[in-house]
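A.B. asks: Each protein sequence line maps, in turn, to chains A and B.
Position 253 of the first sequence, counted from 1, bears residue number 253 in UniProt numbering, the numbering being contiguous throughout.
Position 242 of the second sequence, counted from 1, bears residue number 242 in UniProt numbering, the numbering being contiguous throughout.
Bear in mind the hints are in silico, worked out from the structure with no lab data behind them.
Keep in mind that a hint or two might mislead.
Because identical chains share one entry, a pair is satisfied inside a single copy or across any pair of copies.
What the hints assert, rightly or not - Derived lysine-lysine pairs resembling DSSO-like cross-links, with alpha carbons at most 30 Å apart:
#	residue 1	residue 2
1	Lys331	Lys131
2	Lys331	Lys294
3	Lys161	Lys171
4	Lys401	Lys171
5	Lys401	Lys161
Protein chains: 2
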Amino acid sequence: MHIDPPREEWLNRQQRLQERMAQVGLQGCLVSQNVGIYYFTGSMQTGYLFVPVDGTPTYYVRRSLARAQAESHVRTEELISFRTFGQQLATDYPEVFPPETKTVAIGADLDVMPAQLYLRLTEAIPQASLKDASALLRIVRSVKSAFEIERISNAAAIVAKALESGIDALKEGMTELELMTVIEGELRRDGHIGLMRMRGYNQEIMTGVVAAGDAAAEPTYFDGPAGGRGLTPAGPQSSSRRPIRRNEPILIDIGCCVDGYTIDQTRTAVIGEMSTELLAAYETATAIMRHSEKQLRPGTAPEQLYAEALRIAEAAGLSEHFMGFGRDQVKFLGHGIGLEIDEWPVLARGFRDPLEPGMTIAVEPKFTFPGVGVVGVENTYLITETGCRPLTVSPERIYSKPAR
Amino acid sequence: MHIDPPREEWLNRQQRLQERMAQVGLQGCLVSQNVGIYYFTGSMQTGYLFVPVDGTPTYYVRRSLARAQAESHVRTEELISFRTFGQQLATDYPEVFPPETKTVAIGADLDVMPAQLYLRLTEAIPQASLKDASALLRIVRSVKSAFEIERISNAAAIVAKALESGIDALKEGMTELELMTVIEGELRRDGHIGLMRMRGYNQEIMTGVVAAGDAAAEPTYFDGPAGGRGLTPAGPQSSSRRPIRRNEPILIDIGCCVDGYTIDQTRTAVIGEMSTELLAAYETATAIMRHSEKQLRPGTAPEQLYAEALRIAEAAGLSEHFMGFGRDQVKFLGHGIGLEIDEWPVLARGFRDPLEPGMTIAVEPKFTFPGVGVVGVENTYLITETGCRPLTVSPERIYSKPAR
Chain A
1 MHIDPPREEW LNRQQRLQER MAQVGLQGCL VSQNVGIYYF TGSMQTGYLF VPVDGTPTYY
61 VRRSLARAQA ESHVRTEELI SFRTFGQQLA TDYPEVFPPE TKTVAIGADL DVMPAQLYLR
121 LTEAIPQASL KDASALLRIV RSVKSAFEIE RISNAAAIVA KALESGIDAL KEGMTELELM
181 TVIEGELRRD GHIGLMRMRG YNQEIMTGVV AAGDAAAEPT YFDGPAGGRG LTPAGPQSSS
241 RRPIRRNEPI LIDIGCCVDG YTIDQTRTAV IGEMSTELLA AYETATAIMR HSEKQLRPGT
301 APEQLYAEAL RIAEAAGLSE HFMGFGRDQV KFLGHGIGLE IDEWPVLARG FRDPLEPGMT
361 IAVEPKFTFP GVGVVGVENT YLITETGCRP LTVSPERIYS KPAR
Chain B
1 MHIDPPREEW LNRQQRLQER MAQVGLQGCL VSQNVGIYYF TGSMQTGYLF VPVDGTPTYY
61 VRRSLARAQA ESHVRTEELI SFRTFGQQLA TDYPEVFPPE TKTVAIGADL DVMPAQLYLR
121 LTEAIPQASL KDASALLRIV RSVKSAFEIE RISNAAAIVA KALESGIDAL KEGMTELELM
181 TVIEGELRRD GHIGLMRMRG YNQEIMTGVV AAGDAAAEPT YFDGPAGGRG LTPAGPQSSS
241 RRPIRRNEPI LIDIGCCVDG YTIDQTRTAV IGEMSTELLA AYETATAIMR HSEKQLRPGT
301 APEQLYAEAL RIAEAAGLSE HFMGFGRDQV KFLGHGIGLE IDEWPVLARG FRDPLEPGMT
361 IAVEPKFTFP GVGVVGVENT YLITETGCRP LTVSPERIYS KPAR
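Generate coordinates for the entire structure from the input sequences, incorporating the hints supplied.
C.D. replies: Dropping the structure here:
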């Protein structure tokens, strides 16, 4: 069932990291996070990946070594003990850690590595001065290979099918959760692992959010324009037990993670008809999408897309409703997507490095009306040599069903 | 739908933390993790909870402030800016941060807080010397209130119902994933948020694992005795697409998270009959369970339960198969459970602080036979004043269906 990338791809991933490391003077990089380890090795077992600035990486595995050895495409060895990890590294990489040198600059994924582990690693590898290499790792991952693009496309086809099942099942009076359960069942049967991985601390997303009317418009901690009410303050996002009623917008912002790769898409649905105000806001969202598509090409600064979307929203008199409402707005138009849902680049102020071919980006213009609902659309695009190509395959329209 | 604990419970939780802080000389505690914040405030929005060693805590919220103010049971204020967080704390808590003092010992949840955030907080609150307070926080949470016990019992009833639906649907030739999807659908409809929260770094668990025969026995990174094959090396645990066959053990290790609280249980099923060897191992697992039940009472050292279970396994000639196989074994018999699935105490070497009334512990003796399968059982127990009481309600037996 699972297909691996071609052999040279693993080498390419590692070399792109090594180039970045050389540019900033890192002698090595220690990857501790499951997703990061998988990206460079093809395995996700517990351990650490060490990538020297020159030469061959080693995957030091605590558990399960047997499984890691069966799956990994890089040199894979037993992590003898945490306490002696520094000695093991010094023995394996004398050129990185020459005996006469006191400390060497080693990058690590400090945006996800727990502080307790960071402090313990500092003791276990006293010859390493751990630097934050999160940005490097995220930049390397932002440009996808043909293999990765195919995986995301596959996830896109699966989510499109689940949306159709959801629309088929949609009826007045069913709860958000009931509709979500139909969609989730489809996605799971097609290989969704049940979780869309997210890098941000404290962020959780399983299958996205199906939410209607005022419940969709409730503000949340979730780092997106619309999180939904959720079932409980102990799970304050996504679908709730609120019944779906006629003539209100239904936000179907869903995705899945299949073979490790994630897709994210949003469609607006309605039973009956939406008000003129909401229809106008939906049209503004699609206008932003069309305008964004023209700019999604190599060379554009990601922050420009957000700035221009803001301008279109403002011209439509909808600034306060754009990407959440009032003080609960998020300050972006979209995000990179791949093994995680919150990858780089973010379409937000401060992201100036130009778009490159191979980047995959979810663009999600949405408008929130407190007490009323959320309308909008979200597509995932691939940046090509000359522009962009949608990976999302669900037809872009309002999914309406007659009220009876 | 959601029910809050009684008003005095919030004060009690905070006071128990303050007592522990005073014992170890911490002047305050900063809680950053979503679950930790929820435990002390009743809300899970993005921000930080500061608990002084004496006096009233404050929940500093970045987003959504409106939602946090609606949900929180402690003083809730806007986090003005990350950069000035230290000044905001110094202004609000002059007794904790007296102007003449250089640095003050402040605890934090460093086992989950990312290193990057830890380093940034160290700069933003220069007057605080951040200490690892993970153990304190875990100890406080290990003893549950009547309200919490009721929530876990409620989750236990929901998972028992889902198991029945799974057993009804079980038939020869269906895949592990198909059976899991039936169970998950039931659990979701009954309020499972889709994720069983786990504190351990890189650990993921959505609904547990349904796995049969050799797939159940595959070693994994997952910090439990049996993780399962999973769908992909990028999701290397839980159910796979392997068909379930007759006369092989089917591991149904499932749980849910409802209203924030988690339950965890395991039952062994079979279509047809298991071999004498597997039946004997199952009997040893239940013997360990009966022996554990006698020791689950206030005063017992958690590590003693693990040591005695090892002894019973050894006497049965099953040491190498106990809690995983060979070098992929885990070194525990069970774990605390509540808002997270990997709470304290762990029934493992080094856990010597005696059991206390109110602790809730999942006990999971299991035996792994590579290439053949996993058998075992798991119940969650409440420690009472005089012994223990099972919270799990599913009948403890082998769930067998006839092969046709």
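A.B. asks: How would you label the pair lysine 331, lysine 294 (within, between, both, or neither) given a Cα cut-off of 30 Å?
C.D. replies: Within one copy only: 21 Å inside a chain, 57 Å across chains, cut-off 30 Å.
A.B. asks: Pop the pair lysine 401 and lysine 161 into one bin, within, between, both or neither, using alpha-carbon distances up to 30 Å.
C.D. replies: This pair counts as within: shortest intra-copy Cα distance 18 Å, inter-copy 34 Å.
A.B. asks: Can you give me the call for lysine 161 and lysine 171, within, between, both or neither, at a CA distance of at most 30 Å?
C.D. replies: Answer is both: 18 Å inside a copy and 26 Å across each meet the 30 Å cutoff.
A.B. asks: Using 30 Å as the alpha carbon limit, work out where lysine 331 and lysine 131 are close: within a copy, between copies, both or neither.
C.D. replies: within (28 Å within a copy, 33 Å between copies)
A.B. asks: Give the relationship of lysine 401 and lysine 171 under a CA distance limit of 30 Å: within one copy only, between copies only, both, or neither.
C.D. replies: Intra 8 Å, inter 37 Å, cutoff 30 Å: intra-copy only.
The structure shown violates none of the earlier numbered hints.
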